[in-house]
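One line per chain: the protein sequences are G and L, in this order.
Per my numbering, residue 1 is the first one in the first sequence, and the count goes up by one each step.
Per my numbering, residue 116 is the first one in the second sequence, and the count goes up by one each step.
Keep in mind the hints are simulated off the structure, nothing from the lab.
Check before you lean on any hint, since a few could be wrong.
To be verified - Coverage of chain L stretches by chain G, computed from C-beta distances (three or more under 8 Å per stretch; other residues unrestricted):
1. 129-141
2. 154-163
3. 215-222
Think of the CB as a built atom: it goes at the ideal place given N, C-alpha and C, for glycine as much as any other residue.
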Amino acid sequence: DAGITQSPRHKVTETGTPVTLRCHQTENHRYMYWYRQDPGHGLRLIHYSYGVKDTDKGEVSDGYSVSRSKTEDFLLTLESATSSQTSVYFCAISGSGYPSYNEQFFGPGTRLTVL
Amino acid sequence: KNEVEQSPQNLTAQEGEFITINCSYSVGISALHWLQQHPGGGIVSLFMLSSGKKKHGRLIATINIQEKHSSLHITASHPRDSAVYICAVRGETSGSRLTFGEGTQLTVNP
């Protein structure tokens with residue numbers, strides 16, 4: 001295992017409330033990613049980070065923000081949760097070691113339900 | 116049309132059968148990944164390849180760069196192979212980012 005955890009693992013919240021999901025790694029990987037997984041879609045990139053304080057948008061970034069203040073933590077925030085953000089969220093990491101530098105390792109996922 | 120297309124979407128096999136899952140993509144790539152998602156939801160990387168063929172146990176992955184196509188084969192399938200298999204590509208201009216197919220749900224019956 002690549003030493004990657006997500007918290008919380010399950011969350012139920014109400015529309016309009018803020019939500020923060022945390023991804024924590026112990027492997028010193030450079031890159032970190034947040035994906036969402038929904039039926040009928042493949043994994044879709046929300047935001048990613050290529051270093052401390054360096055982040056960029058993915059293909060479904062609207063309604064989400066991220067922060068990475070230290071190498072090991074990547075936070076995903078839903079400022080005002082909507083029902084369309086009900087999904088399973090995966091964090092992934094890459095960018096350490098050879099030959100696996102470009103291989104992505106995934107966290108266990110967070111199931112978020114917005115009522 | 117999605118950048119990454121997998122077929123079939125669903126596949127049911129009997130234990131012992133040879134299984135093939137296909138992946139086609141429409142962009143130039145620097146690498147293609149095959150991943151497995153267990154029924155409990157965990158995702159693990161199976162292969163990362165940019166040419167030729169790789170083998171690990173009963174799993175074989177091949178890629179044809181000119182035809183923009185990859186296949187994942189499972190020999191002597193077993194019920195524990197039941198999972199979703201996901202193809203993903205790293206585009207030539209995408210840096211470290213991956214684009215994923217929707218996955219193939221494989222069920223192997225005893």
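(message) Going through the numbered hints above, which ones does this structure break? Give me the numbers in ascending order.
(response) 1
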